[in-house]
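K.L.:
Sequence:
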Amino acid sequence: MLQPPDAGYGAGMTQITNLNRFRKQKARDQARQTGDANAAKFGRSKAETASQKDDQDRAARHLDGHKRDD
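Residue numbers are given in my numbering: position 32 of the sequence shown equals residue 32, and the series is strictly consecutive.
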């Protein structure tokens, strides 16, 4: 039995895929996951940062208040 002309070599082919694109996307996803994990592990909230800055300012004022003028 003969095949119809449109069922030849080109009819069942899929799209050509660029493996570099998938490799780069995988690397981006991995970097994003690593960044998210580091942010959760080492990151501080805005309130924590402000609190630490206030503590440092208070300590600096305390030390400046106890300096001796010779």
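Just so you know, these hints were derived from the structure itself, not from any lab.
We put the beta carbon where it would ideally sit given N, CA and C, even for glycine.
Keep in mind that the hints are not guaranteed to be accurate.
To be verified - Listed below are the simulated DSSO-like cross-link pairs for lysine-lysine, each with C-alpha atoms no more than 27 Å apart in a straight line:
| id | residue 1 | residue 2 |
| --- | --- | --- |
| 1 | Lys41 | Lys26 |
| 2 | Lys53 | Lys41 |
| 3 | Lys24 | Lys46 |
| 4 | Lys53 | Lys67 |
What the hints assert, rightly or not - Quick list of the computed label-pair ranges, beta carbon to beta carbon:
| id | residue 1 | residue 2 | range |
| --- | --- | --- | --- |
| 5 | Asp69 | Gln33 | 50 to 58 Å |
| 6 | Asp69 | Asn38 | 31 to 39 Å |
| 7 | Gly65 | Phe42 | 49 to 57 Å |
| 8 | Phe22 | Phe42 | 27 to 35 Å |
| 9 | Thr17 | Ala39 | 46 to 54 Å |
| 10 | Ala50 | Lys24 | 50 to 58 Å |
| 11 | Lys67 | Ala40 | 36 to 44 Å |
| 12 | Ala31 | Asp70 | 49 to 57 Å |
| 13 | Ala27 | Leu63 | 42 to 50 Å |
| 14 | Ser51 | Phe22 | 39 to 47 Å |
K.L.:
Against the structure shown, which of the earlier numbered hints fail to hold, in ascending order?
P.N.:
3, 6, 7, 9 and 10
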